[in-house]
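The listed protein sequences correspond, in order, to chains Z and U. Under our numbering, think of the first position of the first sequence as 1, with each following residue one higher. Under our numbering, think of the first position of the second sequence as 1001, with each following residue one higher.
These are calculated hints, taken from the structure and not from any lab test. We put the beta carbon where it would ideally sit given N, CA and C, even for glycine. Certain hints may be false.
Unchecked claim - Short, incomplete list of chain U residues facing chain Z, as computed with Cβ under 8 Å:
id, residue
1, 1014
2, 1019
3, 1029
4, 1030
5, 1038
6, 1164
7, 1167
8, 1175
9, 1185
10, 1188
11, 1202
12, 1219
13, 1224
14, 1246
15, 1248
Each chain, letter by letter, is given below.
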Amino acid sequence: MSILYNTEATLAERVDECLADDFKHNAIKAAQEAFYVKRGELVEEMGEGWQQLRMHAMEVRNHVTENLDYYVKQFAQNAEANGCVMHYAPSGDDALWEVLDIFESHGATYAVKSKSMMTEEVGLNEVLEETGIKITETDCAENILQTAESKPSHIVVPALHFNRSAIADIYREKRGYDGTDVPEEITHFLRKILRHEFMEAEVGIRGCNFAVASTGSVTLVTNEGNGRMVDSFPKVQIVFVGIDRIVPDLEALDTMMALLPRSAVGAKMTAYFSLDSGPRGTGEVDGPEDVHIILMDNGRHELANSEFQDMLRCMRCGACLNICPVYRHITGHGYGSIYPGPMGLVLTPGLVGYDDIDNMVYACSLCGACTEHCPVSIPIHDLVRQHRINIVNQGKNHKIEVPIFKALGLFWSNKPIYLAGMKLGAPIMELLGHDGALDASSTWIPVVKNWTSTRDFDILSKSRFRTWFKEHKAEQKNTEGGEQ
Amino acid sequence: MKIAFFPMCMIDMMYPEIGIAAVNVLERLGCELEMPDEQVCCGQGLINSGYTKEMIPVAKMMVDAYYRSEYETIVSLSGSCMNAIVNDYQVLFKDDPEYLERTRKLKERFFEFTDFIVNVLGVTDVGASFHDTVTYHKSCHLTRILGISEPPLLLLQNVEGLEYREMEHADRCCGFGGTFSFKQPVIAGEMVYEKCQTIIDTGANVVCGADAPCLLNIKGGLGRMRAEGKLDRDIRVMHIAQILDSKE
C-alpha cells in the first residue's frame, strides 16, 4: 500500500460505497461520538491550561520545522552515538532499498511489525512480501486488516469497519479460529499466535511517534503492548522515523505527550509508552542487538518550504477525524488515502501532488471544526482551501467548471448583469418550482440537479431586498419631511 | 446610531423578508440605516473553490461599496459572508497593499447582527414575543471563526413566550459549505439529513439560525424529508431576525 490505495474508484464511487455500508457508517459515527465526548471531558478538566499547552506545542513544532536540518542532524548524531545505524532516505523508494539491504545483510526473512504510518506510506509490507519476506502486523487492528486484506478506515483505530462477528469470520477463514464471536476469545486467540511470531521473528519493524533530538531516542505509544514486544524481542530492529517526528528535547516530548493521547483517544495516557535509546547495552537482558533507524523525508522538506509548512506540526492524533462532519459519513475509505479526514486532505496532496487525487480536496465544507480541535493549531481548513487555490492556479481544475466560475465572477461583480439575471431567473424558477422551491422533480436540470438530487432549493424572490430598502428610505424621508 | 447595513446576496436574491425583519429590529433599537446600492456579493464561493483571480473584482466592488468614511459601523446579517470580507479578503489582497489596508480597516468596522445588538447596543431584550418552541443552529463561520456564540442565544432567551430547545451538536456543520453543497451533493445531503434529524429530535416547531445559507440548506433538507415521508409535521425555518421582529 502506498499513500493512495484506491485510485481505480472516483471519490463519488467511494462515497457511494461507504454510504451503502450501514455498519461501517454507524461504527464510525459511534466512534466519533465516543472520542469526542472523552476528549471534551479531558480538555474541560484542563481549563485554560489546554489552550496554553496548544500554544506551547505550536511554538515547539514550528521551531523544529524552521530549524529542521539542524534537528535532523542532532537527532542522527545522538542516535548514532547511542549505537544505532542511521539510514537517511530522501524518498520512499530509498527507504525500501535500505530496508531490503538490512534484511539481506542479516540474512533475515521473518519480521514482526507494530503499526507505523511511514511504512504504510512506502508500501513496505507489499515489497517485503514480494521478495519472500514474511511480515506480520502485531497491532490487533492492523493484524485484522492484514488478514482480511482490507484498508484502514481510521488513522488511529483502523479496523473500525469490522464488527466482532466479521472479525471472528476473518480468523476462522484465514487462521483456523474455531471460537465464538466474543472479543476476548478472539484476542486471546490472536495473542497466542502472535506470541509465537514475536519469538520467531528475526526483525522487528516499528514506527516512532516522536524522536528526541537531544537524546537520540525514539518513542512509541501503544495500548496493546505489541510495540514493546516488537522493540525488545527480535535481534534486529528497524525504526521508521519521519523527519517531521523530531522534538528538541525531553521537555518538548512531555508537552507533546500531554496532547497526543488526549487528542487521539480521549485518554490522559496510553497503556504503554516506550522511550528507546539505542540497542541492548552491556549487561542488559533484552532489546535488539542492532537498531537501524530509517530517517525518511519523502516530501517533507518540500512541505516545510511551501504554504503547507504548518502541516509539519501534525502529530497524527486523528482529533480532526473525530470531529469532522464529512469524515463521519464517508469514513477513511471515502478518501482512498492512508491519511484520511481533514489532515489527510492537506497531507495527501501535499505528498503526492494533484494528479491522482480526484476530487478529494472538495470533500470538505470548510466548517473549521478540525482547526478548532487541532492540538497543534494547524489551520487545517485554510490549507484545504489553499490546495483548491493551487489546483486552479496550476490549471489542474476540471475544465468543465471553469466557465461556471468565470460567469459567477462576472455576475457578482457587475450589478446590471446581476439584476438582469435576477429578473430573468425569478420567473423561470417560479415556473419550475412547487410551493416556492425546486424539488426532486427538477433533477433533469444541469447544475441545479447537483443540489436538488438530495435537497429542495428555494426559488428566487420576485422582488429584491434592495428595492424595498430604497422605497423604505424614501418613505422615511417623506414622513420626516411631512413632520417638519 | 448611524449604521451601514450589509444584508448579503441571498437576502437580496431570495429572502427580502429576512432583510426587512432585520431592518425593523435595528430601527426599533434606534439605528438609522444606510445601504450602498453597489454591493452585490462577497464572492466567498469563488475563493472556496480556488478561483481567486475571478473573485478579486467581486471583492473590490464590495470593499469599494463599504469603505467610506461615513460608514463607521457596518452591520452584517451573515457571519459567513462577514468572515469572507474581514478575513478571507486579507488572503485575497495579500499582494495589493491598498485593498489590504482597506480590508483591515473594514474589519474594525464590521459587526455581525446579533453581536452588534448585544455587544455594541448593549441590548439583550429587543421586546419581541414569540410563543413557540425554537431550536437554534450554530453556523460554523459565525460561531467558530468569528467566535460569536452567546449573543444569538441571549437574544432568544429574552424573547417573551419563546421556549428554547438545544439541539444535539448544534455547532456541527449543516452541510452547506457554499460550492461544496453543489460539488458534493451526496455528502452534503447526508450532513443535512443528520442535522435535520437533530432538529426534529428536539420536538421544536421552529428552527432558527443567523446565517441564511445554512437555513436554505436546512429548509431544503427538511422539505425533502417531508416529501419522502421521513418527517410528519411542519417545522418552520426562520432567521433569528424574523423571531426578534415578531409580536406573536
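Problem - Restraint outcome when residue 1038/U is required to lie within 8 Å of chain Z by C-beta distance - result: Where the cut-off is 8 Å and the nearest Cβ of chain Z is about 7 Å from residue 1038/U, the hint holds.
Practice task
Please verify that hint: residue 1185/U, Cβ, nearest Cβ of chain Z, below 8 Å or not.
Solution key: Constraint on residue 1185/U satisfied, holds at 5 Å.
Exercise for the section: Against chain Z, run the beta carbon of residue 1175/U and see if the smallest gap drops under 8 Å. Expected result: At 6 Å from the nearest chain Z Cβ, residue 1175/U passes the 8 Å test, so the hint holds.
Problem - Status of the hint placing residue 1224/U at chain Z (closest C-beta pair under 8 Å) - result: holds (5 Å)
Handout entry: Hint check: 8 Å Cβ-Cβ cutoff, residue 1219/U to chain Z
Key = This interface hint holds because 6 Å falls under the 8 Å limit.
Handout entry: residue 1019/U as an interface hint toward chain Z, with CB separation required under 8 Å
Key = For residue 1019/U, the interface hint holds, since the closest Cβ of chain Z sits about 4 Å away, which is under 8 Å.
Exercise for the section: So, residue 1030/U near chain Z? Judge it on the closest CB pair being under 8 Å. Expected result: The hint is violated - residue 1030/U has no Cβ within 8 Å of chain Z, the shortest such distance being about 14 Å.
Practice task
Double-check residue 1014/U for me: the hint is only fine if its C-beta lies closer than 8 Å to a C-beta in chain Z.
Solution key: Hint holds; residue 1014/U Cβ to chain Z Cβ min 5 Å, cut 8 Å.
Handout entry: Hint check: 8 Å Cβ-Cβ cutoff, residue 1202/U to chain Z
Key = Interface hint status for residue 1202/U: violated (18 Å vs cutoff 8 Å).
Exercise for the section: Double-check residue 1167/U for me: the hint is only fine if its C-beta lies closer than 8 Å to a C-beta in chain Z. Expected result: Violated: closest Cβ of chain Z sits about 14 Å from residue 1167/U, beyond 8 Å.
Practice task
Return the status of the interface hint for residue 1246/U: holds when the least beta-carbon distance to chain Z is below 8 Å, violated otherwise.
Solution key: Given a least distance of 19 Å, the restraint on residue 1246/U is violated.
Exercise for the section: Answer holds if the nearest beta-carbon of chain Z is closer than 8 Å to that of residue 1248/U; otherwise answer violated. Expected result: violated (21 Å)
The structure is inconsistent with the numbered hints 3, 4, 6, 7, 11, 14 and 15, although it conforms to all the rest.
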